[in-house]
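Trainee: Given next are the chains, with one letter for each unit.
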Amino acid sequence: MRRILLGAALAALLVPASAAAHATLRDATPREQSRVEAPPSEIVLRYDQAVTATADSIVVLGADGRRHSGTVTQAEGNTVIRAPLHGLVRGEAYTVRWHEISADGHVGNGVFTFGVGVDAPPPTEAVGSSGQTWRDDVARWVLFVSLALVIGVVGIRLLVLPRPVDPRVERRIHLLGTFGAVLAVNAGLVGFVIRCANALQVSGVDLLYSDLSPFAESTRFGIAFLLTTLGYGICLTILAIAWALDLPALRWPAFLLAIALAWGYALSSHQATEPNASLLGEVADWVHLVTAMLWAGGVLTLAIVVWPLAPHMRRAAFLRFSRIAIGLVGILVLAGTVVAIERLPELDDLWDTSYGQTLLVKVGLVFLALSWGGMHHLVVRPRLERGERVHAVRWSLLAESSVAVAVLLAAAVLVNGAPPPVETPAQTAVPATAR
Amino acid sequence: MLPRAEIAHWLFAAGFLFFGLVVLAEAIVGPEVFRRRRWRAYLWPSLALTAGIWLWLIAIFSTFSTLHLLAHSLWAQAATAAGAVQLAVIRDRLHSSYWSLVTAGALLVSGSAFLVHEQNGWLFARSAFLHHLIGWTLVISAIFPLGAALLPRRAVWAYGFAITWIAVAVMLFADRDIAPIFGHLSDLAGGGSR
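Chains as they are written, first to last, in numbering that gives the first Met the number 0: chain A, 0 to 434; chain B, 0 to 193.
Worth flagging that the hints you see were computed from the coordinates, not collected in a lab. Among the hints, erroneous ones may be present.
Claimed, not checked - One-sided excerpt, in silico: chain B residues whose CB lies under 10 Å from chain A:
1) A13
2) L66
3) S72
4) A80
5) H183
Fair warning: this is a prediction, and the values are worked out from it, not measured in the lab. Think of the CB as a built atom: it goes at the ideal place given N, C-alpha and C, for glycine as much as any other residue.
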């Protein structure tokens, strides 16, 4: 009976939501993120239910911040709001900021752009948007830590630790990997909402009723968010099944999926939208991320799983990890160098720009972590190979893990930051008349 | 590209009805008889885990409001966790009857999220009425896993849950985006449809 109750209750959690709880923007003219060839004379927003609008429920702004919209009127049973437009010119992009009061009393809101004779810029570049803040950095950092748990801890279990292992080790690895997947999916969600909020310029309860679809459908980070959220949801399910059925081999597909999904984070980084972005750079970024996660997760696994729970496995696990760590670090440094060269074409960008300075801090932390790892390799490893007892290794591994987590923070700031601008060929070309 | 909201509702309603009938069958004949075919025991966790993945899919297409995105992701995680726990119970990895308390808490959270996510009044439209009803049904039904944790030998909890589940399926089948309820439809709801 208990199982019956449990199963029924679990299934009850699956009830989906409906679209009727709040007025939703059905469509707009001009459409969201669209390009129109002639300047429109009015803007029309259609909702799925009646709304209350104020005189400035629609504000259309030019790139210079000048307002181009007039007083808002309502029509069609208050399900449509419209505003006349004036002064729009071909060759310019415009930002639309809208809000309405739904029947439930909440203020629905959104932002999108459209271009007249030009492509619409992404909504993150809407007029009035703020850049990324420390909140974005923290969300990205938590995301990286969660990847270190999913990719690193699970990966080290599959690649380094022998089979079978102590049940307590297996249990803790299951716990850390599953926790990492839960954290990854939630950090991704929060990071997405925070980034949207920067452009929407709303917070608190109003943010709960914001329309995020323009961000999800027409930005690289939005598309990456959709893919990674679904992907890590599946990853979480696979890890949960592996735990419940006690099938460690089932972690392979979850591990490989997590590695593939890391591509989404390379895709959604700030650099990916720069003019000098290349496929090589994205691949290098992805390889850099995956190797960093394997390395950080590996050290963490030794420190918080193997050392406290399985003293008999310490020597074998340390030696095996030490062997693959050399390769990981080599690939990590090589891929990082490729990424750095692409992002900072000029050497003096390293100290002249905030991006370069952050990179220097990160390189310093990486150097510290690698030195620590080198000490383990050169001092601890030989003693373990000789079968000698080595004290305080766990604390040393924990310290190295802490430095790795600090590296991830610096990496999060870097990924969210804008590298120095790169001159495109069009900008550097000398006009014919000047020759 | 996206199916209409009621299509997703009916899809889930069909799954819930199947689930409710399975639960009811087990309650009537007893677990010993019901599980003579071993695969039957795996129906519930399989449904929960599958529904979790479907809910992730719905979540990422619910970006028309932050609230919907967060609510769907919450339900998806709850379903996944619930399915995994049930699977572990069947595989004897978890033994205590107190694991039902997790379910009771999850039901409370899910029901509350349902009520928060429906901001309109009961008689705003049919969907609003049914959302309130489903939300309160889920909240109140938390008493069944709570009872199963504290008094696991009593069969009433199993019957209660089975009926709850079938009722939720019926509510979802009757759910519409905008339609009158008991002759009422708020002027603010716009024109009735479907």
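Trainee: Taking the hints in turn, state whether each one holds.
Mentor: Hints, one by one, checked against the model:
no.	hint	result
1	A13	violated, 12 Å
2	L66	holds, 4 Å
3	S72	holds, 6 Å
4	A80	holds, 7 Å
5	H183	violated, 13 Å
Hint violations for this structure: numbers 1 and 5, all remaining hints satisfied.
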